[in-house]
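For the record, the sequence lines run as chains Z, Y and X. Going by our numbering, the first residue of the first sequence is number 1, and it counts up by one from there. Going by our numbering, the first residue of the second sequence is number 1, and it counts up by one from there. Going by our numbering, the first residue of the third sequence is number 1, and it counts up by one from there.
Calculated directly from the structure, the hints in this document are not laboratory data. Only a predicted model underlies this, so the values are computations on that prediction, with no experimental measurement involved. Heads up, the beta-carbon is just placed ideally off N, CA and C, and yes, glycines get one too. One or more hints might be untrue.
Unchecked claim - Taking lysine to aspartate or glutamate and the EDC-like style, the derived pairs with C-alpha atoms no more than 20 Å apart in a straight line are:
1. Z/91 - Y/305
2. Z/91 - X/57
3. Z/91 - Z/159
4. Y/135 - Z/182
5. Z/91 - Y/199
6. Z/91 - Y/198
What the hints assert, rightly or not - Some chain Z residues near chain Y, calculated using beta-carbon distances under 8 Å:
7. 35
8. 94
9. 99
10. 101
11. 109
12. 256
13. 260
14. 263
Chain by chain, the residues run as shown.
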Amino acid sequence: MLGGWLNQIVQGVLLGGLYATFAMGLSLSVGIMRFVNIAHGDLIVLVSFLILTLTTTLGLSPLAAVLVTLPITFFGGYLLQRLLLQRVLGKGVLPIILVTFGLSIIVQNGLLGTYGADTRKVAGGSFETATLMLGGGVNVGVLPLTIFLSAIAMVVVLDFVLYRTRLGARIRAVSDDVAAADLIGLPSARIYATAMGIVGVTIAISAGFMSIWTNFDPTSGPSRLLVAFEAVVLGGLGSLWGTLAGGIIIGIAQVVGAQVDAAWQLLAGHLVFLAIFMLRPEGLFPKY
Amino acid sequence: MKASTGAFAIWCGRLALFAGAAVLVAAPWLFRVTDIALLTEFLSLLTIAVMWNLVAGYADIVSVGQHAFVGIGAYAFFGFAVIARIDPFLAIPLAALVALLFAIPVMAIIFRLRAAYLAVGSWVVAETLMLAAGKLSAFGGGSGISMPVSVVRIFGAHPAERYATIYWIAFAVAALSLVSTWLLMRSRIGLGLTAIRDDEQGAGVVGVNLSGLRILCFLWAAPFLGLAGAVITLQKLRVAPPASFSIIDWTVYVIFIVVIGGIGSFEGPIIGTVIFFLIRSYLSEIGVWHFIILGVLSIAVVLVEPRGLWGLVRRFLPEDVIPITRRPPLPGRPTEQASRPAESIAHE
Amino acid sequence: MNGTPLLSVESLSVFYGHFRALDAVELSVGAGEIVSIIGANGAGKSSLMKAIVGQADRIEGRICLEGADLADRSTAEIAKAGVALVPEGRRLFSSLTVEENLRIGQEVGREGDIGFDDIYRMFPVLRERRRQLARQLSGGQQQMVAVGRALLANPKLLLCDEISLGLAPVVIGDLYEMLPKIRERGIGILVVEQDISRSLAVADRFYCLLEGRVNLSGRPAETSREIVARHYFGG
Ligand SMILES: Nc1ncnc2c1ncn2[C@@H]1O[C@H](COP(=O)(O)OP(=O)(O)OP(=O)(O)O)[C@@H](O)[C@H]1O
Ligand SMILES: [Mg+2]
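Isolated chain Z, as found in the complex (with noise of 0.2 Å):
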């Protein structure tokens, strides 16, 4: 009984690491330009299908599909931010969330008409099955232990390149106080659309994670969006780690959950996060 729980939690720290995974942009947008993409989830579904086609059409392997969208979303987030949502930007809270909801519609109908209604998933082979019996009951894909090393692998490379590279001190310097940075010469849309690039390929990677081990569908990216939110939330705005510890909780509580009744599990999730957010509203670890 013991173990079953046990093995329980061990799945939902697993599962969180895939939510982490889709929160990692959201965290990054949200820390450094101040505004939530409504789109973003439907973003991350929108490059799976890209992924699913690239595997389904030119026969590649998940892996290298991958690969072949990271350059292509981090022009597609750097083009969105420079063409697009750069120009709200600043403008109050309404434009720019009128602009990422309309994206999120367009994207979701754009898939639909392309690709209809059907769930989807991409094959991992044999990868997708294997597991580890960790003996007292607790097993463990070899898939989602992978995601779940990834996604602290992400969350270091990210503070790395935030914390350590000039390219990290420019943008959390356009962070701070955007008007100062135009003032003294910083080309402030150019470093916000870099930012926007690297959130691009945060979307391709959880996009690939996501697309072997879940189904899918075109409308699915709200319910990512949620999750992604909820974890960054909790986390504390700003806080990779903390938008990592979010996911977990939102997973742990999303299996734990089922465990109790398989339809409780998105709800679980839900209350879960509403609870600690009543709490702390200001997440576990607070950057600013």
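Here the structure of chain Z is known, so what remains is to put chains Y and X with the ligands in place on it, guided by the hints.
Same frame as chain Z, but now just chains Y and X with the ligands:
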């Protein structure tokens, strides 16, 4: 444009408004049942749009979770009328009351989030409420439940009669929400709201009670959304979590309506709802494309004229068609000299 | 002054919407010269600074650096061309360390011989605090970082907008003692101040702004304080 042409255009606008209202009053005698059903839907959507405009356009609470209150109204109405077997006509105002009661804790949660995060936060709350509604076995759980015929009959023995009754209820709800919100906007409170819409920080400085007004608007909207939920339930004759709490129908469409019509004006939601029904009736056969068109249109509006179609028209008009602030008409563009404020000169 | 001045501003007007904050201002700064702009609140001093670095909404007139028109150049290009601003209110990046703030100044600027050592020699306390976050410094130390950040850009023209704002007199004195040393490097300095006596004491020349117009200019030594005060207050 000359002042007289402007005034003429204003009166044309008001005439069109009255003509529209007259058609709506006469509708049950003028139209067929299917058109009445469509008009009922129009009035419900108009009610929801007016409320979202009040909350997001004036009080600056950019919520994407307002569909929660429609759903709560729907479930509460069903609960009172079908499960508790209260007189269904009494169940309608009770549904509004329940929506209002739910608005208080919802507000306590989402108002803790900074403005930029409130949008998705309100969505999380709405999603939670929808999933919770799916756990109510008396309401058919996740798949929902139909209204029993005995209750449906109370609204009319024949479908035609029933559609007319439901139409009048929708008409009353829409009229109540428009007129009372218009009166709210014309009061001193409305002045404060206009100040928030125009410049939130400035409004705080001149002593407008920001948080009080935001609370008022949020609580104001909830019962009307609940009423709309009751009407929608009557029309669909069933409750189900994804339909009663439909984010597409009660939030996505509504945001498009208000943004395209003109956010932060009283005319905007009305124009937007009319345009939306035109687009939907002519473009619905192109499926997903009508969503894409609406999405592109709303992004274009935000980039080009954030005050929407009405904002575009309003540039050429001397005043609002539906007057909310009793101000003299705006003067023309101030000259450079005149706009230069008198500098107060410091003395030692 | 012979030849083209380092900075020349010709009939410059700056607009915020329809409001004219500066009206046909003419001024120049030579290399190795300290020029002071004085004027009351709202006179348009900061608007002038913003216009020079290319951050004004809309301008009319010309701003030339060494004879080259700066119109159509981005702030980043103007910084690379050798103009550095110490903004009003310091405007440090508060969650960056002292060193990171300084490095950003160096990166946006041009190549030159002013390095970190020069700044740390000028403001030794910054060396000790280089790993601290900017927001943890005192107001005076923050102003040193702001000046250091601008100097590391190796400017030809240094713009200082009210560097004395909110600082203790001793600290202000220290900062103002730096200015002649910076001038010795051949850098032209444009100093904006409300504190008349402090800025006139270091300036070679000055301009007085009133409601967006230059109503007096000259050399501090040749102009009586009464005349300056009268023009400052618009008497
Ligand atoms: N962003 C802006 N939008 C509109 N008007 C502005 C803006 N910035 C400044 N102004 C106006 O332009 C005029 C000049 O402002 P500026 O900041 O240049 O004055 P200043 O001389 O620097 O004043 P202070 O000594 O207070 O810093 C003022 O009347 C001010 O109200
Ligand atoms: Mg100033």
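Hints, verified against the model:
| no. | hint | verdict |
| --- | --- | --- |
| 1 | Z/91 - Y/305 | holds (13 Å) |
| 2 | Z/91 - X/57 | holds (15 Å) |
| 3 | Z/91 - Z/159 | violated (29 Å) |
| 4 | Y/135 - Z/182 | violated (53 Å) |
| 5 | Z/91 - Y/199 | holds (11 Å) |
| 6 | Z/91 - Y/198 | holds (12 Å) |
| 7 | 35 | holds (5 Å) |
| 8 | 94 | holds (5 Å) |
| 9 | 99 | holds (5 Å) |
| 10 | 101 | holds (6 Å) |
| 11 | 109 | holds (4 Å) |
| 12 | 256 | violated (16 Å) |
| 13 | 260 | violated (12 Å) |
| 14 | 263 | holds (7 Å) |
The structure does not agree with the numbered hints 3, 4, 12, 13 stated previously, though it agrees with the rest.
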